[in-house]
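Participant: Chains as they are written, first to last, in the numbering used here: chain D, 69 to 396; chain U, 69 to 396.
Just so you know, not all the hints are guaranteed correct.
No distinction is drawn between identical chains; accordingly, a pair holds when it is met within one copy or between any pair of copies.
In silico DSSO-like pairs for lysine-lysine, Cα to Cα no more than 27 angstroms straight-line [as the list claims (entries may be wrong)]:
no., residue 1, residue 2
1, K347, K252
2, K130, K381
3, K130, K383
4, K383, K252
5, K71, K134
6, K248, K76
7, K381, K252
8, K381, K134
9, K134, K76
10, K252, K134
11, K347, K383
12, K255, K347
13, K252, K71
Derived from the structure by calculation, the hints contain no laboratory data.
Protein chains: 2
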Amino acid sequence: MTKILPEKIERVGIIGAGVIGGAWAAHFMRHGMRVKIYDPDPAAPAQFETRLQNTIMPTLEKLGMKTGASAANITFVSTLEQAVAAAQFVQENTPERLPIKIATLQAIDAAAPAETIIASSTSGYLMSEMAINLQHPERCVVAHPFNPVYLMPVVEVVAGPDTSDEAHQWAVDFYRYTGKQPLKLTKEVPGFVADRLMEAVLREALHMIDNDMATVEEIDMAVRYGPGLRWALMGPLTVLHLAGGEGGMAHCINQFGPSLAAPWTFLPAPELTDSLAQKVVDGCERLTENTPIAEMEAERDQLLIALLAMLEKSKLWHIGNRAEKATR
Amino acid sequence: MTKILPEKIERVGIIGAGVIGGAWAAHFMRHGMRVKIYDPDPAAPAQFETRLQNTIMPTLEKLGMKTGASAANITFVSTLEQAVAAAQFVQENTPERLPIKIATLQAIDAAAPAETIIASSTSGYLMSEMAINLQHPERCVVAHPFNPVYLMPVVEVVAGPDTSDEAHQWAVDFYRYTGKQPLKLTKEVPGFVADRLMEAVLREALHMIDNDMATVEEIDMAVRYGPGLRWALMGPLTVLHLAGGEGGMAHCINQFGPSLAAPWTFLPAPELTDSLAQKVVDGCERLTENTPIAEMEAERDQLLIALLAMLEKSKLWHIGNRAEKATR
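In isolation and in its complexed conformation, chain D is listed as follows (with noise of 0.2 angstroms):
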């Protein structure tokens, strides 16, 4: 298990260039890291040149490069060996495919230091599938992050049955060091937590397009004017605990426990026995540390104000709505 202090970690291997590898690259890089990248697609290179000087660094600059950080410090080599056999901390980004990602562990595994952490971006497969004939399985954990990787701020830390606790809370260290908001899950459920409830909404959506319930636009829409703005300050069970009144998640769940039973989506609703409405209730008062209810919505509201005014100004947010251009 390494020793070494997350702000001491100056070299990076990482494996595959796409949207999330190099991101990750450019990630370390921003934080003063010399990071090693292999890819095997001979086109590799010059994809992650171009994207790292339209898109990547213009932003890098905004959020401020520590001391001595620049793109020259990011190189590509020629063998993934090259890319981790110095590396004090690898992080593997090749495509969803579970025999790649068996053969890619393997071969970091046999070539990087044996007190190497190894993380995975995986978005869905478990370390326990993963982790197959490895020499040094202890030092390897998923960490999956979101997309743009050098914005988004959460990366989700997951042990596998081999995982050792040391190496576990040595990544969630090293990210937060760079920055992230890592969560430590220590159960491996497939698709993690994010992922999983992305994946409801998304399969929502497909089902209602499908049954021509309604489109694309009416979805985004729906969202980015409505239930996505308060996601952002908050997770969803807060957004009830707030919508509660005063009474907060506990008076909510006696107003929305019969709905739940309603055939409203296509997804069937477990039953809200006594001992699931508890755990809600009592992990809304933990997350919000007792909070007042009416403290949290002041600066909601105030929060709010900032943000949509913020979005008016913006194209991206307008795109598409043809009514509220129409009325300009």
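Starting from the structure of chain D, add chain U where the hints point.
Facilitator: Below, chain U without anything else, positioned relative to chain D:
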């Protein structure tokens, strides 16, 4: 059918003074209208007054009040008839119980001028279920808002089978005049669009909590530090359109197609037929007006930088995040 222009509306009737009805009253008052509210609960006026002064007015003043608008223009009356008899527009906000909705719509229909549009804030019932034995069902629409009503842009405006096209369009124009983003839905779908998507998230979250796959904290933090940030800027389908790189949604469907069949969530996925895939791809291209992906990515990044800077300074966004506090 009312011939009055939305900007000429001076008198609004509100039935029900809870979180939603009270907020509608404040919203219409802010836009210069005189509002009469009826609520059968004798405690309602005092509760509304507290909420108005402590929570709502500071927000409305930041947003800007129309000349002549004043909290004094909201008056509580002691019967439903007094609230609607001279109203040029009525918004109904009674509890979500069908017999109450039916009886209230009948009372409003009998007491309001025949040409006055009547909108129901119901979050779940369809006008075909609520409009029973009305004299003028053609002027009744569902207009489902989001909390807080005076800030959240979207209103789902849904016609029933007897609603006239003119009334439906008039309601859309009226809400847009008051600064809302009305979503004109012609199909009566239980849960409309936004609530179906929100409930898909909620059901998946409840299943995960019930099965000890994730805690309330993990679910909420995964959303607010992850996909929630993007959903404020663009809907879930545009998110995937951008995740596909230059290939957009068409490329993305090839990638996520296989994982859709995997049992990632508790919601079974629809079969991804060629025709469904084509609908989604066409919809994304229409919605984004064929804007180059790189252009949307660049603006997304600028918006995320500003959004994150704003949220970083807030208390709400960090609430319950012990790890985050531990490092401060």
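Participant: Look at each hint and say if it fits the structure.
Facilitator: Do the hints match the structure? See the list:
no.: 1; hint: K347 with K252; result: within (20 angstroms within a copy, 38 angstroms between copies)
no.: 2; hint: K130 with K381; result: both (19 angstroms within a copy, 17 angstroms between copies)
no.: 3; hint: K130 with K383; result: both (20 angstroms within a copy, 24 angstroms between copies)
no.: 4; hint: K383 with K252; result: between (36 angstroms within a copy, 22 angstroms between copies)
no.: 5; hint: K71 with K134; result: within (23 angstroms within a copy, 63 angstroms between copies)
no.: 6; hint: K248 with K76; result: within (17 angstroms within a copy, 51 angstroms between copies)
no.: 7; hint: K381 with K252; result: between (36 angstroms within a copy, 24 angstroms between copies)
no.: 8; hint: K381 with K134; result: between (31 angstroms within a copy, 21 angstroms between copies)
no.: 9; hint: K134 with K76; result: within (14 angstroms within a copy, 58 angstroms between copies)
no.: 10; hint: K252 with K134; result: within (26 angstroms within a copy, 49 angstroms between copies)
no.: 11; hint: K347 with K383; result: between (42 angstroms within a copy, 24 angstroms between copies)
no.: 12; hint: K255 with K347; result: within (18 angstroms within a copy, 36 angstroms between copies)
no.: 13; hint: K252 with K71; result: within (20 angstroms within a copy, 59 angstroms between copies)
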